[in-house]
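Given chain P, work out where chain L should sit, using these hints.
Protein chains: 2
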Amino acid sequence: MFDSADLEHKIDKLTYRHEVPHLREALLNAQYDLKQDARFSVVVVIAGVEGAGKSETVNLLHEWMDPRFLHTVAFDEPLGEERERPRMWRFWRALPPKGKIGILFGAWHTEPVLSRVFGKISKAELEKRVAEIMRFEQMLADEGTLVLKFWFHLTKKQQRKRLRTLEKNRATRWRVTKRDWKYFDRFDAFEETAVQLTRQTSTGEAPWIVVAGADEPYRNLTVGRTLLAAIRERLADKPVDRLPDKNPPLLPPVDHVTVVRALDLDQPMTEEQYGEALEKWQGKLAKLARDAKFKKSGVVAVFEGNDAAGKGGAIRRLTQALDARFYDNHPIAAPSDDERAQPYLWRFWRRVPRLGRFGIFDRSWYGRVLVERVEGFCGEPDWMRAYGEINDFERELVEHGLVVSKFWLAIGKEEQLKRFRAREKTSFKRFKITEDDWRNRKKWDAYEGAVCDMVDRTSTEYAPWTLVEANNKYYARIKVLRTLCKAIEARFETR
Amino acid sequence: MFDSADLEHKIDKLTYRHEVPHLREALLNAQYDLKQDARFSVVVVIAGVEGAGKSETVNLLHEWMDPRFLHTVAFDEPLGEERERPRMWRFWRALPPKGKIGILFGAWHTEPVLSRVFGKISKAELEKRVAEIMRFEQMLADEGTLVLKFWFHLTKKQQRKRLRTLEKNRATRWRVTKRDWKYFDRFDAFEETAVQLTRQTSTGEAPWIVVAGADEPYRNLTVGRTLLAAIRERLADKPVDRLPDKNPPLLPPVDHVTVVRALDLDQPMTEEQYGEALEKWQGKLAKLARDAKFKKSGVVAVFEGNDAAGKGGAIRRLTQALDARFYDNHPIAAPSDDERAQPYLWRFWRRVPRLGRFGIFDRSWYGRVLVERVEGFCGEPDWMRAYGEINDFERELVEHGLVVSKFWLAIGKEEQLKRFRAREKTSFKRFKITEDDWRNRKKWDAYEGAVCDMVDRTSTEYAPWTLVEANNKYYARIKVLRTLCKAIEARFETR
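Protein sequence lines, in the order shown, are assigned to chains P and L. Going by my numbering, the first sequence opens with residue 1, and the numbers climb by one from there. Going by my numbering, the second sequence opens with residue 496, and the numbers climb by one from there.
Here chain P stands alone, though its shape is the one from the complex:
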């Protein structure tokens, strides 16, 4: 969930100063139109790490917007009569009426995370709470509420630095309490639980928007623009006989720093190094596949990537190490008519490998949130809900014993052009380059945005994405083999 937010995000002051007056005006106008329209209310949930700018953002929104149509309620430990009411009572009291915006600061997500981290509730209790939250938010969405959930994030390093900086300065020292350091000690546990809770409660109707909190201009623009876009989109949808579409939009990071762009695509590896490494890791893989433990496990390996990024080559280096009787290679193209007559995951369920085998997918179910999203082959509500559906699907695979490894092979735009041209020149490779490839290339940015959302929303602790820097094919192939071997070894150790 936090892959994108883990990156260093920054907006320079000039850009910020230029942008803010426009944004403020637009937000005010949106508020008035919302008030006028009065078909829906907006719930803005503010949650996340201490010190990541939550309260600053809330204050800022009050400064920017018309306070008559904006109401904030902050929640800490339940007190007084709140304790004498069921858990959700105080949140219900804070819901805004149609036409208004309600900011719920530290709403129903915070307490379950803290309770779990400090061992007050069991894993099973947390799952129950997650299910309750999902049903509650589903109800809000069904009632027409626009639910925007912002999770403010800091990396551990950023948090440590923040606390130390505050402590060093006499004027700010008082702001660092024992509780801050106590929480910091549990940072890893907190983040692990937060990842799980935010991922599971990130539905199509109410997805989490994770905000990198370290840079103030960045986080202000992120929240402001998202709020604006979501209200505007909903206002623009004027159906006669039904509520407007339920999905708030997913925007690209305001500074255009993405997990893909952050990669250093040119990684060094010579042909000689490659030859040695290939022998080593193919041997390792062959041995793992013959291990007795593998009979109770199995592998689902997913290959996605830019066109011409070398998926096929990487897959061949993998299958070279395997007994042909024990793997199936599934090249995934557009669905057949039979497949179109079924839910989109159906054709992949059919191809789930038996235990003790490899299922290798050259493109996969991620087409739903990549090509189908970008090309508009399915509606926004459909690909929005697909993140959760895919996470559920892969969780079932992993709980069954399979290792699920997912690789995004990334090359640069220049490198792609080079490869396209080379393919056109080589007669036996010409079939590999089509009109589609050139067309996709024109939508580079849209695809890149879709890839980043995909990684953020489907990289799970049980089925993580591996981003593979693939300008150098040698390096890419070895990274794939090595990652897969380590994933299988890790599985052997835990089961």
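These aren't lab readings, by the way, just hints derived from the structure by calculation. This list has only true hints and no planted wrong ones.
Keeping only pairs whose Cα atoms sit at most 30 Å apart, straight-line, the calculated DSSO-like set for lysine-lysine is:
1. L/Lys790 <-> P/Lys128
2. L/Lys623 <-> P/Lys295
3. L/Lys615 <-> P/Lys295
4. L/Lys788 <-> P/Lys128
5. L/Lys623 <-> P/Lys128
6. P/Lys120 <-> L/Lys623
7. P/Lys238 <-> L/Lys733
8. L/Lys623 <-> P/Lys293
9. P/Lys120 <-> L/Lys790
10. P/Lys296 <-> L/Lys615
11. P/Lys418 <-> P/Lys473
12. P/Lys156 <-> P/Lys123
13. P/Lys280 <-> P/Lys473
14. P/Lys120 <-> L/Lys618
15. L/Lys938 <-> L/Lys913
16. L/Lys618 <-> P/Lys123
17. P/Lys120 <-> L/Lys615
18. L/Lys618 <-> P/Lys296
19. L/Lys615 <-> P/Lys128
20. L/Lys791 <-> P/Lys120
21. P/Lys128 <-> L/Lys791
22. P/Lys120 <-> L/Lys788
23. P/Lys123 <-> L/Lys791
24. L/Lys615 <-> P/Lys293
25. L/Lys615 <-> P/Lys123
Chain L is faced by these chain P residues, among others (derived, beta-carbon under 10 Å):
26. Pro96
27. Arg350
28. Gly356
All C-beta atoms in this analysis are idealised placements derived from N, C-alpha and C, irrespective of residue type, glycine included.
Structure of chain L alone, referenced to chain P:
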């Protein structure tokens, strides 16, 4: 969930023989139109108690319908390669394509119930499985699949009788196995788990239809008519830019035997008996309300009923026993503008009592599935999802420590007329009778159907409905007081 199905249901043979040819023809036509339309598939889930006619019904549907567009898969313990795939794999394989009907016999609901009954999975694991099932079925509905789930029910008495009858006859003795009696020994546990699972997985998009299984004509007509109505309704909905509405219709029982009609509304109680009983139970209630344990509990008492059924009188007999500082009486009328600007449960959350207090609701959130349903004040998807939302709401109240008691005060149509006329004659009661009352009376049957669905779908082990026979006001008032006292006592014992 099984309140209606617990009643004796029967269709006489003449009616059945007359109905069947029409139904068969209509089902065949629906099949062809479905094939032609091909926008959605129909998943028919068959589950429930052994011996309640599941396989007979499946055979019958194959006899009645065109087998080219109907496919059945029966599931028992997973075998062979099924075991080497994740749990849901075999169900995915069985999904019908668009334009066809797939009958899934003993699908994904059976195994969790049995595993829980035989102690193979914990309560928490069952909750997890329920959440998984809900997400899976939500996905099917989102993909446009019409999901019809039939739960075949027998009462314990019916089951015992069935097994004994089979054993007595030499020709059928072989059909009763040790497993049947082993299952019978666990009947109560099975039913308890089945109630929980069916209630929780009964969503607006995929509600359970509980079929009383003892009478063959009754169950055949129930399944056949429901299937027909659901397909027809969906085919008739021809939106241009979206999938058809997701709710299959809820039909009244084919024999019109309902939980309300099954009541003997005239219960005996003389004025003298009433005087004594009133003193006894009001005293009891007063004592319970002053008990130290009550400070950590509290009561939510819901009164619904036919117009003029005596809700007000019953409530007064209750409040007479209480200290005015410790209860709030909430007469619920049409929502105000403020309330309309919020999700419908909002105005009730505001009125949730503190611990140690009584909240008495003269009409309630059940308006959503009664008047709002019958009068069309909200859409079908809205009241269909309300059952689950209400169950969630009341579960939160109960988990917080409150006792939730719900009373449906039922009077006969004749009795109502008498009371209406009496009210019109008595000047100080004239305000109690309005045009609305006469109008509602004309929709008696529609309201009765809504009441039965409400009881079936929201009478839970933690917040059960009590149906109160109310032609005799004395009897009704005492039954309310007694039920409430016993509910509070039961709570004291468990907490």
